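This is what each chain is made of:
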Amino acid sequence: MVNYVIRRLLLVPLILFGVTVLIFGMLQFLTPVERSALYVRDIPKNERALEGVIKQYGLDQPIPVQYWKWLVGTRDPHTGEIRGGILRGDFGYSRTASEPVADLIKRRFPATLELALWAVLPVVSGGVILGVIAAVNHNKPIDHIARIFAIVGWSFPDFVFGLLVLMFFYADLKWLPPGRVSDWANQVIMSPEFHNYTKLITLDALLNLRLDIFWDAVRHLILPVVTLSYLWWALQMRVTRSSMLETLRQDYITTARSKGLAEKVVIMRHALPNALMPVVTLGGSTVVGLLGGVVIVETVFDYHGMGLAFAAAAVQLDVITVLAFTLLNSLIMVVAYVIVDVLYAYIDPRVRLD
Amino acid sequence: MLNKKVFVLLAILTIGSTILASCAQPTPEVVTVEVTREVEVQGETKTETVVVTATPTPEKPVEFKSEDPNTLYNITGAGDTDTLDPAWNYESAGDAIILNIYDQLVTYDGPNATQFVPSLAESWEISDDGMTYTFHIRKGVKFHNGADLTPEDVAYSFQRAVLQGGGWSPMWLYTEALFGTGIYDIAELVDETGALDDDPEGLQAADPDKLMAACEAVTNAFVADEDNWTVTMHLSQPWGPWIATIAQSWGSILDKDWAIENGTWDGDCATWQNYYGVTSETTPLRDKTNGTGPYMLDHWTPGEETVLVANPNYWRVEQNVPVFEGGPTGPSIERVVIKLVGEWGTRFAMLQAGDADFTYVPRQNVSQVDPMVGELCEWNADTNDFDCGPTDDPTQPLRLFKGMPTVVRTDAFFNFNINVEGGNPYVGSGELDGNGIPPDFFSDIHVRRAFNYCFDWDAFIADALNGEGVQNVGYLIPGMLGYDPSLPHYTYDPDKCAEEIAQAWDGKVGEVGFRFQIGYNTGNVTRQTVAQILQANFADIDPKYNIEIIGLPWPSFLAAIRGKRLPIFISGWMEDIHDPHNWAQPFLVGTYASRQGMPDDMHEEFQKLVSAGVAASDPAERAEIYKQATQLDYEYAPAIRLAVATGRHYEQRWMHGYYYNPIYGGDSNYMRFSKE
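As you go down the protein sequences, you meet chains A and B in turn.
Counting from 1, one number per residue, gives the positions in the first sequence under this note's numbering.
Counting from 1, one number per residue, gives the positions in the second sequence under this note's numbering.
These are computed hints drawn from the structure, not numbers from a lab.
Misleading hints may appear alongside valid ones.
[Claimed, not checked] Computed cross-link-like contacts, BS3-like style, restricted to lysine-lysine with a CA-CA straight-line distance of at most 25 Å:
#1 A/K174 / B/K65
#2 B/K288 / A/K174
#3 A/K106 / B/K288
#4 B/K288 / A/K199
[Unchecked claim] One-sided excerpt, in silico: chain A residues whose CB lies under 7 Å from chain B:
#5 Q28
#6 F29
#7 V33
#8 N46
#9 A49
#10 G52
#11 Q56
#12 L163
#13 M167
#14 R257
#15 K259
#16 G260
#17 E263
#18 I296
#19 V300
#20 D302
Only a predicted model underlies this, so the values are computations on that prediction, with no experimental measurement involved.
Each residue gets a CB set at the ideal place from its N, CA and C atoms; glycine is no exception.
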């Protein structure tokens, strides 16, 4: 298994290289003036300004040269210092976010991670529970209701659902506000007395023994988590239900029942573990999806995570930011699927990774 | 048991969803009663019964009090600050921050965008020839870091700004006045062709003598006199809008020592080229501030929020100098939180919850917010102020200011010489054969007039501006010096349009028709609407007048405009300073005229008037010159001058102090506000 993990991780640089070459290669289709549009927000007031952008960012240079500079950076003719260069850990400057990409990621990724950590359990477990209940009660009213409930969630536009719950629980009741924390809590978090150990506010609040901050952060997380859960349960439920139904038809389940085992034991100990294989795969995709950022939910709830920043960069064709986010997402995806493969081997003894 | 619990849970959630979906705004109670009254009909008095409806007045006055009166929450829409370097920033979101942190030598006289009052300059004199300005610098002013303001700080701020250069910076507004019209960047003093603009490496390799001469031209233009505590500015020609130019955010005064410590130009003419050509991200002052203004930067989290805190040592408070007569001397709100929330639904919820003191309301969403308005203030053009009064439901929590003219306009510009090199899909066949247009199609005055007569301003204002706009007479905006609504202008007239287009190109257009494309950047509804109006109105006259509309991705649109390939390009302008020169220059001789490929003779005629207008010092004389330019603009019809929108500002009724000065972007200038 160790060899397998090492082999997969060794593929990471190759994958990242391929992704970045692909994106830079696509830039070949744009002229320097079109590429300069990626750096500007509006038609320039000064007629010569676009030429300036082309010169300053070297947009008229051949793509391999631009790629090389992006990799290793450029030397400042005045100070002699090397600026940029992803191999030096400098992802460049995000025009859409108005800050270095590294700073953007450092701030946004913990926000996304926190939302993902809070959401992943309800999303996956809720879907699994619904799927098991539906399968065990196959074709009974509870099965139909669970399926209708899940399908309604799946077909409900997340934008509309999010706004509805926001209007009700925030605008009307004033219980659950948007954003990541309230302004008063933000002042505390930014003060020198508060230690940001992990940048995960709920965790840091507990470590700082600030339950008021913890509760404030949780209040802000409830609506995004509920929205994500309701909308994603359908997929988890359908996969779990199908898998459970198939497992429940197996001979060994019949054998277990005929031996007089309690139905709960049959389901929980014999059927469920074997039905979980596809669920684990889906769970891996869910985690990758959550860590990549959930654009609509972040937009509606003003939750400044990776999704919002990535969407803004993509819409405005901010290539530098898109490249950095793509690299990060690729890395997350590779690592997540390695973990999924390892979990496979753990759940199903027949699977051997070597 | 488990099944039952789950069933109950599902039922609750489903019912809850239904209830949520049916949530709606409560409507005010309406009471209907029957009353009798006596009326006189043809000399006889009769009694009749009529049904009247009345909305009951509230039993007791409604009070509007904020839960957090010491913090102002401005929830903005799209558009974050690009940079906090005052010499580089050239967009309204950054202005709104910088103008609160930094002071300038002069400032606006409250709501009046064309009258100026002293700020860091206690007074100033202008020489008889209009080319030398002497500013007497105020004493006892401290920067946020505690350093004292000196004349050297003032001179350095201007010198460093100009020497830093930047095609995307506002420095061209200075260089034209300092070194002559048409000079857009300091690098053009080293190489007049503009080849070194935004080219730091090229500039560093330039002739050292020329570099030194360019720097000395700048240091000689801004001279500090520590003995007399003055700063003198020398212009290359009289420049009417100079005071207006330095009153803006790029006229902000820095602490010289602090700026140098943070990596800006060291003040030595031998090194300035090493600091030239920074970008918004590489300027050392991108995220650092140290002004003398009423607010200090607490933090700027790009894309999320900017927080300002009141300056406890603000010089206006200490010296008791109100910003204008009757205006505030200092900030009354301790903390300002400017949050960037892109989604309208979320901003609306924040407004409803009372967590937004004011917010940006897109034009298409005003009908959602209007029922929440309890007090309406309408712009009165005669008094240049608002007339306020309660709405039908005075219990509602918002106050709406509306009807004030804004300072942004979109126009449709004709391309006199369309670039067809290498083929151009926007001009069809490229010939006047009914299936295209020739590159110089718009060089015929009849074509340009026809396009003006075929434009329906009412439709544009209704569709693109939600019915809230004013057609412009000429290139200036209403209310500006030299703007005269009685001057001739085009109005929608299909008959005249048909008549003019039939005469175009010696009648050939009328015979064969035309076909070309109008491009707009996808998502820009205003530009799309302009194109649709022209398309529909020409098609109504004759189907052989064929305009196609094409939505282009932003890079393609920009490249097409830059390459002068679009037959008509639709573009917007937001003024930098509230002065007619800031419209005359780009529209008649500068940016737009250049992109249009305006013929030399036409350009020369406009240039004479624009140069005379900017050089004149007497307002009446200036107004007359700009009127002449408006007349000429009508005769030549180089573009379709569209309409400015009238603005809206919604705020919670616990807010006080709002006044309208068109030059303040968004809802900035926070010192004017107080909160209950």
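Hints that the structure is at odds with (numbers, increasing): 2, 5, 6, 14, 15, 16, 17, 18
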